[in-house]
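Since the structure of chain A is provided, determine the placement of chain B on it from the hints.
Taken in order, these protein sequences are the chains called A and B. Heads up, the first sequence is in our numbering, so the first residue is 1 and it goes up one at a time. Heads up, the second sequence is in our numbering, so the first residue is 153 and it goes up one at a time.
Note that these hints are calculated values from the structure, not bench results. In this text the structure is predicted, and so the values were computed from the model without any measurement. Beta carbons: idealized from backbone N, C-alpha and C, even for Gly. Careful: at least some of the hints might be erroneous.
[Stated by the list, open to error] A few chain A residues that face chain B, going by a derived Cβ cut-off under 10 Å, partial list only:
{"id": "1", "residue": "Ile7"}
{"id": "2", "residue": "Tyr123"}
{"id": "3", "residue": "Thr124"}
[Said to hold, decoys possible] Just a few of them, taken from the derived set where beta-carbon distance is under 8 Å, the chain A residues facing chain B:
{"id": "4", "residue": "Asn98"}
{"id": "5", "residue": "Phe125"}
{"id": "6", "residue": "Gly126"}
{"id": "7", "residue": "Gln128"}
{"id": "8", "residue": "Ser131"}
{"id": "9", "residue": "Leu148"}
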Amino acid sequence: MANTQAICTSFKSELMAGYHNFSSVNPSRTANTRDSLKAALFLATATVNASTAAYSTTGEVSGTNYTAGGVAVANTVDPATSGTTAYWTPSGSFSWTNVTLSSAFDCCLLYNSSQANRAIAVYTFGSQTVSAGNFSLTMPTNDSTNALLRIG
Amino acid sequence: MSNDTPLVWTTKGNLPIADLTYHTDWAFSPGSVTFIETYMLGDEIVKRSVHVHAIPNEG
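Only chain B is shown next, with the shape it has when bound in the complex:
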């Protein structure tokens, strides 16, 4: 692996991005909109990030 190989931090340490499969998903609920990013090494999730946009109710 050269120093120019793009890496990403995962549960297994730094891995080449090219070795991973990248997925995105969206989830909608009355209180939020969620964006999920997943990197998989084979069948294993090695990195998962979640971003929630809040849509709160009035109190």
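This is chain A alone, in the form it adopts within the complex:
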């Protein structure tokens, strides 16, 4: 099996049901608190794709200094729109420092740890390993053409 880049299908309906809050303001909730988001890495042999509804440890990488569940995602930027596109990008890169991940991985799952680990989106890249080094996923420019998460 393989991982496939996608916005998770469940996330699209969950947006309409009000499950996720990326913003500092949310009229549907009693408290205006952004949800906590996380990013986890998955092996190239895993199956993470549009059908992924929630984070699980199945297929997740493991190794020195990698904590299951991944890293917290910096989220201080409100979603925005331009034309017919809504978009959002984390305010910081995803970074893993001084890790050793010997089994090839090619996928990062962004998920909502405040809402039962509901999956948001899957991002893939060329298969990699890391040895006593750093792995980072740098964010694109936060605009309607390049943002990490775009719904048009």
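Same frame as chain A, but now just chain B:
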């Protein structure tokens, strides 16, 4: 080895940078641009860091 010898953390512990060979590579795909740094001790990779710049698709 003096205290002034520059070291780098590797799979074999701290090693003098001068003993290692440093390589960089770039990889391009429709969804990402990747920068790879490798330190080698002889023929063995002892440190490898990867930096991916995401270029995601619209959903």
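Hints, one by one, checked against the model:
{"no.": "1", "hint": "Ile7", "in the structure": "holds, 3 Å"}
{"no.": "2", "hint": "Tyr123", "in the structure": "holds, 6 Å"}
{"no.": "3", "hint": "Thr124", "in the structure": "holds, 6 Å"}
{"no.": "4", "hint": "Asn98", "in the structure": "holds, 7 Å"}
{"no.": "5", "hint": "Phe125", "in the structure": "holds, 4 Å"}
{"no.": "6", "hint": "Gly126", "in the structure": "holds, 5 Å"}
{"no.": "7", "hint": "Gln128", "in the structure": "holds, 5 Å"}
{"no.": "8", "hint": "Ser131", "in the structure": "holds, 4 Å"}
{"no.": "9", "hint": "Leu148", "in the structure": "holds, 6 Å"}
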